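Chain P is fixed; fit chain W onto it per the hints.
Chains as they are written, first to last, in this note's numbering: chain P, 4 to 212; chain W, 4 to 212.
Please keep in mind that the hints were generated in silico from the structure rather than gathered at the bench.
When chains are identical, the list treats them as one kind, so a pair holds in a single copy or across two.
Straight-line distance between alpha carbons at most 20 Å, and here's what the computed SDA-like set of lysine to any residue pairs gives:
(1) Lys50 / Gly78
(2) Lys129 / Pro178
(3) Lys201 / Asp66
(4) Lys201 / Gly78
(5) Lys50 / Asp80
In this text, all values refer to a predicted model and were calculated from it rather than measured experimentally.
Protein chains: 2
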Amino acid sequence: MNKYKIVSLVLSLALLAALVRLVYSTEVRPAPASEADVVLRNIHSRKSVRSYTDRAVSRTQLDTLVRAAMAAPSGRDMRPWRFVIVDERAVMDSLSARLPKAKMLADAPAAVVVCGDLGVVDQEGKPSVNWVMDCSAATENLLLAAEAMGLGAVWTGVYPYEDRMAAVSAALGLPEHVVPLCVVPVGYPEGDPRPKSKYKAENVHYNGW
Amino acid sequence: MNKYKIVSLVLSLALLAALVRLVYSTEVRPAPASEADVVLRNIHSRKSVRSYTDRAVSRTQLDTLVRAAMAAPSGRDMRPWRFVIVDERAVMDSLSARLPKAKMLADAPAAVVVCGDLGVVDQEGKPSVNWVMDCSAATENLLLAAEAMGLGAVWTGVYPYEDRMAAVSAALGLPEHVVPLCVVPVGYPEGDPRPKSKYKAENVHYNGW
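Chain P extracted, bound-state conformation (with noise of 0.2 Å):
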């Protein structure tokens, strides 16, 4: 063999290997995960978060939040609900040092308050019967979105405890026709926190009890 043949068989070999390698490496990857598969997952991985690091979470972030809560089904479309976005130090520290059952708050770099407002009627003139339902519909989609953005979050309760109620109006001013639903620190999750499974198959009946 001379050295033009040599050559042309190393590189030739050199290329097979390249390209066996490369469809091989493809074909290996793994599938993508179906859009299902990633929803459901991101569902069953929503857990209460209740520790955050210092990171800041940004006006952006907190936006895509409540766009995701405003994307919930309401009650004869009356979508009652109204959303607080905290995040100054001080507007938390004040919520913190009001509700004992959500210290947390001072922690947390922000929250954003679910409430519903009564102001918001029918043609009749009578607010929305299921305002609560609609607000928790939002919040639990609040909570999904926070999971898939990898920040923690947890559903803090106000209503029906009148005392928590008028501790959150008195810290951000709320007129009294909106009413406080929830409470929702939100932040980046300190340490490795784990969804419960809470699946129990006494809980389904079928075709009647």
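Quick look at chain W alone, frame taken from chain P:
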């Protein structure tokens, strides 16, 4: 150039071309959507689906829906949710006949009835004050899971309407301590239902009202 050199050269060029093409096709493939993108898109894509094709929904699919529902947060971890899966035609028709606002049940292959169990009590013997919120968050999980799975569903309100609650309790033989919150018909969407955009900047306040 002799025969060997020509063959080697052609072979090398062919391999090089194949390699370049493969690398190129790999690189121009759009990056898969991030998990956050998929989850947010699912939240914003969820819509009320009120018309369904004849295609059946399996027990496995319905089971996936109630599993997602049970991953919701629950006040004081009481988990008062209960689910009645309905996939028998007679029971679907019975519900439809009794619920004038949920006539679409007659056309749906299945439904999930989300209920709160007031028999679940705390250490003081009191039922959850959060059952409406817990069951609403669970319902939202169920609706989002359905959307992700290519199914269509809609929250039809039962609680707090006494007549509807009585109708569902009668149709399903619910015990007195079990309160139906909503009935969610489930099927494959007929037509091309679209989500509403419900975002409203005025619904968002910052650090106070």
